[in-house]
Amino acid sequence: MGGSGGGGPFVHRTPENLRNVVRKSEDETTVAAFGAELSRMLGDLLGSFNSRDLHLTNSRLDEVKNALQGATEASFDQLFGGSVAKHTYVDGLSDIDSLILINGSGLERKSPQEVLERMDDIIRNHLGSHAAVDHGRMAVTVTFRDGMVIQLLPAIKTDDSHLRVPSSRRDDWSKINPIAFQEALTRRNQECGSKLVPTIKLAKAINGQLPEGQRLSGYHIEALAIAAFKNYKGELTTSKMLPAFFEHARELVLSPVRDSTGQSVHVDEHLGPPNNETRLALSHVLGRIARRMRNASAAGSTPQWRAIFGLDQ
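Note that the numbering used here has the sequence shown beginning at 4, numbered continuously upward.
Hint data in this document are derived by calculation from the structure and do not stem from the laboratory.
All of these numbers come straight from a predicted model, not from anything done at the bench.
Keep in mind that the hints are not guaranteed to be accurate.
[Stated by the list, open to error] Capping the alpha-carbon separation at 25 Å, the derived lysine-lysine pairs in DSS-like fashion look like this:
{"hint": "1", "residue 1": "K113", "residue 2": "K160"}
{"hint": "2", "residue 1": "K68", "residue 2": "K233"}
{"hint": "3", "residue 1": "K233", "residue 2": "K243"}
{"hint": "4", "residue 1": "K243", "residue 2": "K198"}
{"hint": "5", "residue 1": "K160", "residue 2": "K198"}
{"hint": "6", "residue 1": "K160", "residue 2": "K178"}
{"hint": "7", "residue 1": "K236", "residue 2": "K198"}
{"hint": "8", "residue 1": "K113", "residue 2": "K198"}
{"hint": "9", "residue 1": "K160", "residue 2": "K68"}
{"hint": "10", "residue 1": "K178", "residue 2": "K236"}
Just need the whole structure built from these sequences, with the hints factored in.
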């Protein structure tokens, strides 16, 4: 009786063929392991961003608002129209936490810098040694001794229910519609399987590591993200969406980004006309970040990824 012929997946394969099969399998295993490790790292970072005690934040915001009311004998309405409302704040980074309506306080007739200086004085005198208080062009920043950072943006409500807030580049008021913007961000986040907001948080964390002159505002990052992920067809994970954001943002930043609420005012009007020197420089910075991410992933290097966030340095 003749024996049946042997078979199997490796029959008739040369040693070189077999080596290629083994190498491919090993590569796929390595890539999968790196992907899981990167996802864990980004998840851990997001967990640390979400660690803020919202009860304590609300308590401190109420305390500051009450101090302002007591000093001006006016009632200040507080709107969580900033990053708290949009859930895009990143603990410890400069990101607007609350809009303070100053209508009826007498401050609405003053310039933004006059308002910010007055708010700074009131809050500083009230909190004393419990917190460090300073202000920039747009907001008053309160840094508490436990490390919590809260920013307050003065706002004037207009007759058409929009708001005017300090311009980021000049001592004047700019018109915004934060509620409509928040709704646009919420819609895009839902379209992206609720992964857009965590992607924005991670992008803001990286942005915070840049020199001040190269940083984008939180509002600008959010507007770029809304535009970047319109009709997005890629993988709905932060590890894929974060590089995609910087890839798209480096192109989008070259032209003024129109506020997603449909307003005629551009959220980045202070950067000037399309393709000018400032926009080209920002595009270069964003492109460099995207390349660092690609290189880190190609090398399967979590330490390289951590370095992009300013960790382990």
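Each hint tested on the structure:
1. Restraint check for K113 and K160: the C-alpha separation of about 14 Å stays at or below 25 Å, so the hint holds.
2. Distance restraint check for K68 and K233: the Cα-Cα separation of roughly 38 Å exceeds the 25 Å cut-off, and the hinted pair is therefore not satisfied.
3. Of the pairs offered as hints, the one joining K233 and K243 holds, with about 15 Å between alpha carbons and a cut-off of 25 Å not exceeded.
4. Between K243 and K198, the direct Cα distance comes to roughly 10 Å. Compliance with the 25 Å bound is thereby established for this hinted pair.
5. A hinted pair counts as satisfied when its Cα atoms are at most 25 Å apart, and K160 with K198 does not qualify at roughly 32 Å.
6. About 10 Å separates the Cα atoms of K160 and K178, which keeps this hinted pair within 25 Å; it holds.
7. Taking the CA atoms of K236 and K198, the gap is about 13 Å. The hint holds against a cut of 25 Å.
8. For a cut-off of 25 Å, the pair hint linking K113 to K198 is broken: about 41 Å separates their Cα positions.
9. Using a Cα cut-off of 25 Å, the hinted pair K160 and K68 holds, with the two alpha carbons roughly 17 Å apart.
10. Between K178 and K236, the direct Cα distance comes to roughly 33 Å. Violation of the 25 Å bound is thereby established for this hinted pair.
Of the numbered hints listed earlier, those contradicted by the structure are 2, 5, 8 and 10.
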